[in-house]
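The listed protein sequences correspond, in order, to chains A and B. Counting along the first sequence from 1, when you hit position 30 you're at 206 in our numbering, and nothing is skipped either side. Counting along the second sequence from 1, when you hit position 563 you're at 679 in our numbering, and nothing is skipped either side.
Hints listed in this document are in silico derivations from the structure and should not be mistaken for laboratory results. Any given hint could turn out to be false.
What the hints assert, rightly or not - Have a look at the derived ranges for each label pair, beta carbon to beta carbon:
(1) A:270 x B:153: 36 to 44 Å
(2) B:696 x A:270: 49 to 57 Å
(3) A:299 x B:261: 55 to 63 Å
(4) B:465 x A:366: 20 to 28 Å
(5) A:303 x B:160: 31 to 39 Å
(6) B:692 x A:315: 38 to 46 Å
(7) A:304 x B:229: 39 to 47 Å
The beta carbon of each residue, even a glycine, is placed where N, CA and C say it ideally should be.
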Amino acid sequence: MKQMRKRGSVVIEAVITFSLFLMTLIILIGTLMTIVVDEKLDWAAMRTKDELAFSLMPFKGHSSHLINSIENHLLTQMAQIITDDKVSELGMTSMVKGLEQSRLRANAHGIGELTLHYEYAFLSLKKESFLILPVAPLVISDGITFDDDLVYITNYGEKYHLSKCYHLRKSKYGIKIDEAKAKGYEPCKNCHGGANESNW
Amino acid sequence: MENHEGGAKAHTFRKVKACLNTDSNARKKGAVSILMVIVIPIFIMGCLLVYQILYQRQVNMRTEKIVLACSDAYLSMYNGYLFDELALLANNKSPGVEVMVREYLIKNKIIDTSVEISFDASYMGLDQPDYFREAIYYASTAQIGRSIVRMGDEWINQLSAIQTLRKVLKSYNTLLDNIADVSKMTGIETTLEMLTTIEKNQFLEGIDKLSARCEEEEGKLAAITNQLRLIESQIKGEAAGAKAFVDSQHALVMEALDQARLGIQGIKALVEQVKDQPTLEHEVLWREMVDEQLKDLRSRYQNEETDLLDALKKAIIEAEKVVFSGEETKRKLTLPKPSASYEITEALPKLSSADRWLINEYLLMVFSSYDENCPRNLNAEKRKNINRPLKAEVEYLLTGEVAEANSLSLVRLKMFALREGANLIGIITSQEKMATLTRSTLAIPPPWRQVALATMLGGWATIESYYDVRKLVAGEGLHLIKTPDEWTLSLEQLLEGHLPQYTKQQHTGVKSITDPRLYYQDYLRLLLYFQTDEITLSRTMALMDSELWWASDQKATLEHYAIGFDLHFQVEHPWGDVFDYRMKQSIYPGVPGESVHP
Chain A
177 MKQMRKRGSV
187 VIEAVITFSL
197 FLMTLIILIG
207 TLMTIVVDEK
217 LDWAAMRTKD
227 ELAFSLMPFK
237 GHSSHLINSI
247 ENHLLTQMAQ
257 IITDDKVSEL
267 GMTSMVKGLE
277 QSRLRANAHG
287 IGELTLHYEY
297 AFLSLKKESF
307 LILPVAPLVI
317 SDGITFDDDL
327 VYITNYGEKY
337 HLSKCYHLRK
347 SKYGIKIDEA
357 KAKGYEPCKN
367 CHGGANESNW
Chain B
117 MENHEGGAKA
127 HTFRKVKACL
137 NTDSNARKKG
147 AVSILMVIVI
157 PIFIMGCLLV
167 YQILYQRQVN
177 MRTEKIVLAC
187 SDAYLSMYNG
197 YLFDELALLA
207 NNKSPGVEVM
217 VREYLIKNKI
227 IDTSVEISFD
237 ASYMGLDQPD
247 YFREAIYYAS
257 TAQIGRSIVR
267 MGDEWINQLS
277 AIQTLRKVLK
287 SYNTLLDNIA
297 DVSKMTGIET
307 TLEMLTTIEK
317 NQFLEGIDKL
327 SARCEEEEGK
337 LAAITNQLRL
347 IESQIKGEAA
357 GAKAFVDSQH
367 ALVMEALDQA
377 RLGIQGIKAL
387 VEQVKDQPTL
397 EHEVLWREMV
407 DEQLKDLRSR
417 YQNEETDLLD
427 ALKKAIIEAE
437 KVVFSGEETK
447 RKLTLPKPSA
457 SYEITEALPK
467 LSSADRWLIN
477 EYLLMVFSSY
487 DENCPRNLNA
497 EKRKNINRPL
507 KAEVEYLLTG
517 EVAEANSLSL
527 VRLKMFALRE
537 GANLIGIITS
547 QEKMATLTRS
557 TLAIPPPWRQ
567 VALATMLGGW
577 ATIESYYDVR
587 KLVAGEGLHL
597 IKTPDEWTLS
607 LEQLLEGHLP
617 QYTKQQHTGV
627 KSITDPRLYY
637 QDYLRLLLYF
647 QTDEITLSRT
657 MALMDSELWW
667 ASDQKATLEH
677 YAIGFDLHFQ
687 VEHPWGDVFD
697 YRMKQSIYPG
707 VPGESVHP
């Protein structure tokens, strides 16, 4: 009887251990798989970036950059379509989910920024991952043309500034003063955005 | 006994069996424990180790991708001025690629914001002759392509501009017809006829009719003025180039209308006078006065009409000339950046003749020369910056002289030398000229005959070359070996000392690429080709440096821009691994660019 109990205990122990082991094994394999998935998704992001370099050309905007919210929305949609396409090409569609969180927006350098965000569709120690890459059209002007009537705007600001204004420390895009006014920008209260001074 | 022994054996067997059973359970239990305590942790540890190794490798590969993406993005962002003005693709060194790389490594959580990375970034600056030459080589192809596109565009615009001007002429013609119609509308002819044919006692009645008609015509004149203004605004809206032309004609047309108005008002005043004195005693006198006034009005219309039409036709011709020959630009002459000096000490790799020709064409396209309206100026892409330091930029490239007068003199001298050689060949190869020379020296005994022949040959070629240079500078074209009708000076004139006066000719204003004659710009081409690469390159660098210096309000120079970079950095990961990365990339494929992976 005692032996029977002992035998049963071993079986239970073995079953639990084996289950835990199997579980651990699955999670570990899943975790190792994340490396493969990350690598493939990184390539998908790189290919998306390369393809966007062509697609971004018509979206250069007034002088060099992407600030228009409508354009940003369109670009994000475009980026998502291209990313889905690339992920599908690499056979990774069933391995990841939540790709719709990926987006493309303007960055502080006056170019695009692709954020590829995804979750793993299998058990692993890691739940999600992301990759952020700068994306620029094949050629894009920095907007510096040494024009006397050149002023500078920022990503999200509503004022135009002189080159040396401290408001430009995060982002800076050159634009003709007339164009800035036409787009609804107003002169900065700090530097007055005067067009008669040298703006470089 | 046997039973007892048998029972003892069975007991021992049971004991052994029991003992064996206990061992089996213990073994099983031990195996599970070993699995739990040793194997599984080792397996887990092993897996985590493998994961760690793979993860490190993946992070390094991700870093590479981030650097590559930053590099692509950085190299894509060219400077607006250099590209717009000079078709040069170059990046601003500040902020450099390292700033972007650090930013994206932080964004991707590969490094922490507190981690300092020591970047070793060196840039392929435009202030280095080899990189600069590479940049202008590629810029030359871009500029030539751009120029071809612009030529096509300009041609279409020319046609469009002429069509617009023709529309303008048509509109004005319509307007003039309307103005001319004023005389018809006022019925001057009829009125004159009426005045001469009306019976006595009906004169006043006729005058009344004339008065009413004048009122009516004043209203019509006002309508015509409004129509004129409408047409003007339409024309100005359609073609910005037509604005100056329309403005110049505005006063003329308005004056004509004012004259018309004054004329009508004069008749009205006269009519009022007649009405105030309703006597027929002076009827003949009144008739004559009214008649005279109307005739005056009519002749004034006719004159104005002719003048206006002439002025319009002239304006059209002038406008066409401007469209074809381009506008003259006025630039200030200031010294270039004083520190601009690029002496090329190291020998650069030799360029092929085709490449040299390409670069020279680029220089002729982007830099201005003395004769901007030369038919051989192939640059259809006009420079936006017209306030550049020098006016005679190509001449500066050829002579290194900043002062325009000096550089022009030196270029003329070089052209003179070329023409002298060509004229000597022209005389020697011409049987007629040599026969004339020989005939002229027949009376001189040898060996002085040969001396005289050589002197006359040299003198003729020299003086003829002097005329040639004047013609070339004035914008005329000459065959390299001139045709007989292109010779200004005959031997007889030379011997008699009657040197012909040269009168400056104007450009034809029509570009002719197939014209076999050589123009001023062609000589600049030749001189640039004969100049060494190093000299041309160093002067080009100085010129562009100076242009940037002035354009940027003395803030930017060539050294601020680069065509590529060599980036080296190390990232120390939290697990102690050091990732060493080096990347060398350039915008242009000719410059060695490679990515050195760890």
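Checked hints:
no. : hint                      : in the structure
1   : A:270 x B:153: 36 to 44 Å : 37 Å, holds
2   : B:696 x A:270: 49 to 57 Å : 37 Å, violated
3   : A:299 x B:261: 55 to 63 Å : 57 Å, holds
4   : B:465 x A:366: 20 to 28 Å : 51 Å, violated
5   : A:303 x B:160: 31 to 39 Å : 19 Å, violated
6   : B:692 x A:315: 38 to 46 Å : 41 Å, holds
7   : A:304 x B:229: 39 to 47 Å : 21 Å, violated
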